[in-house]
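*Asks:* Residue numbers (our numbering), protein chains in the order written: chain A, 1 to 175; chain B, 1 to 226.
One should not assume that every hint holds.
Only pairs whose alpha carbons sit at most 27 Å apart, straight line, appear in this in silico BS3-like list of lysine-lysine [what the hints assert, rightly or not]:
no.	chain 1	residue 1	chain 2	residue 2
1	B	LYS214	A	LYS145
2	B	LYS121	A	LYS145
3	A	LYS19	A	LYS31
4	A	LYS146	B	LYS21
5	A	LYS145	B	LYS118
6	A	LYS145	B	LYS191
Residues from chain B that face chain A, not an exhaustive set, calculated with beta carbons under 8 Å [said to hold, decoys possible]:
no.	residue
7	ASP35
8	ARG122
9	TYR153
10	HIS161
11	GLN212
12	LYS213
13	ILE216
Partial selection, computed: residues in chain B whose CB lies under 7 Å from chain A [said to hold, decoys possible]:
no.	residue
14	GLU49
15	ARG52
16	LYS118
17	THR119
18	ASN145
19	ASP151
20	ILE156
21	ILE215
22	LYS217
In case anyone wonders, no lab produced these hints; they're calculated from the structure. Each residue gets a CB set at the ideal place from its N, CA and C atoms; glycine is no exception.
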Amino acid sequence: MEQLLDRIIAGFEAADIEKRKDGQVFFTVPKPKVLPLINHLKMFEGFRNLILMTAVDWIEDNQFQITYLLNNPDTKTDLGIRTFIGRDGEGMDSIHELWGHAATFQREMKEMFGIGFPGSPRVDEPFLLEGWDDIPPMRREFDTKKYSEETYFPRPGRETHDPATYMKQKLYPND
Amino acid sequence: MPEDNVKYPAEDQSLSPVNRKRVVIGPEGEDILVDPLRDYYCTARPEPELPRQGIIEKFMNWARAESLWVLGFGTGCGSIEIPPLLSPRYDAYRFGVAMRPTPRQSSVIIISGYLSVKTLKRVIRSYEQMQNPKFVIALGSCTINGGMYWDSYNTINRLDHYIPVDVYIAGCMPRPEAILAGFNKLKQRIKEGRGEGANDYIKNLDWYKANQKKIIKDWNMPDYNW
Numbered sequence: 001m002e003q004l005l006d007r008i009i010a011g012f013e014a015a016d017i018e019k020r021k022d023g024q025v026f027f028t029v030p031k032p033k034v035l036p037l038i039n040h041l042k043m044f045e046g047f048r049n050l051i052l053m054t055a056v057d058w059i060e061d062n063q064f065q066i067t068y069l070l071n072n073p074d075t076k077t078d079l080g081i082r083t084f085i086g087r088d089g090e091g092m093d094s095i096h097e098l099w100g101h102a103a104t105f106q107r108e109m110k111e112m113f114g115i116g117f118p119g120s121p122r123v124d125e126p127f128l129l130e131g132w133d134d135i136p137p138m139r140r141e142f143d144t145k146k147y148s149e150e151t152y153f154p155r156p157g158r159e160t161h162d163p164a165t166y167m168k169q170k171l172y173p174n175d
Numbered sequence: 001m002p003e004d005n006v007k008y009p010a011e012d013q014s015l016s017p018v019n020r021k022r023v024v025i026g027p028e029g030e031d032i033l034v035d036p037l038r039d040y041y042c043t044a045r046p047e048p049e050l051p052r053q054g055i056i057e058k059f060m061n062w063a064r065a066e067s068l069w070v071l072g073f074g075t076g077c078g079s080i081e082i083p084p085l086l087s088p089r090y091d092a093y094r095f096g097v098a099m100r101p102t103p104r105q106s107s108v109i110i111i112s113g114y115l116s117v118k119t120l121k122r123v124i125r126s127y128e129q130m131q132n133p134k135f136v137i138a139l140g141s142c143t144i145n146g147g148m149y150w151d152s153y154n155t156i157n158r159l160d161h162y163i164p165v166d167v168y169i170a171g172c173m174p175r176p177e178a179i180l181a182g183f184n185k186l187k188q189r190i191k192e193g194r195g196e197g198a199n200d201y202i203k204n205l206d207w208y209k210a211n212q213k214k215i216i217k218d219w220n221m222p223d224y225n226w
């Protein structure tokens, strides 16, 4: 594991190395190095299983984080590869030619975040949201409560409490 | 059919040849327009089926109430509460409740939990294909006011804006005992002659369709699925 990490740091500019537990390491690589790194890991290091790929919206930094989770079944090790891309229409390279099921993850990320994956099969077809015509709902500028109230006929009389203030009033009414 | 008898209009080249709209030359030399995707479209409006009078209606309501055939359709987490209902411990069969595999054979549809827009489209198709009289049981708080998904971008809040509901069973999730109580309530309602949801749906069809079309943006089915 240590030798593998040394090779990755030397060859692919990996940074922010974070060992979560035995055999599970997360690190960040720059965007142009992602595809060569994944190719290398699959071909030469035995990471032949893509567990998942997912995205996180860091709206404060104006970027998306994409995480690839790879697994080596022989040595029972997991690698989490993080990369950051711009939020405004910047796409990511597709890895559907390495793993066919990556196309489904990419299709979901295209629908939920609007991240483009050029060349990925059926990436523009609706996945969960049929006929969606708003901005992608997992982007953090999308106000899901407002959308729901405008669209889905909320039943009047619903009372909601912020848990912190509600418990404070209940436990310390005199403060 | 021989290939030289067929002319394809230019606009639907994306469909496979068997599904394309086309003009076929008939045996007399006349042109016949064939549109396979519209073969089973029926655009007729449904008519309400008014209840009969007096003792006949009472007898039929008794018969309907004692034999409820439930469509095996699960939408949310509540569908996991249905299989124990049929197990020996709760044994819904003794109340005359049986599960059926298709909408055409069933008289009750259980909406078991949260309903996403994509599923609502399938629910409408299934509900409209069921034979009269038909009843709806809404399970869980998600169908009442949205439940814990009340501010979600993709789940509906109030089921009764889209299909008429006979019985609500509150809870998150209701236990099988609560569902049995709901079935008994539904039987009582039917015996009192109040199980007229299907006719209400048809009388207020425009309102229901407006609500449904407001959230189903890619409406690609007939207005009423016969």
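*Asks:* List, from low to high, the hint numbers that the structure doesn't satisfy.
*Replies:* Violated hints: 4, 6, 7, 8, 11, 12, 14, 15, 17; rest satisfied.
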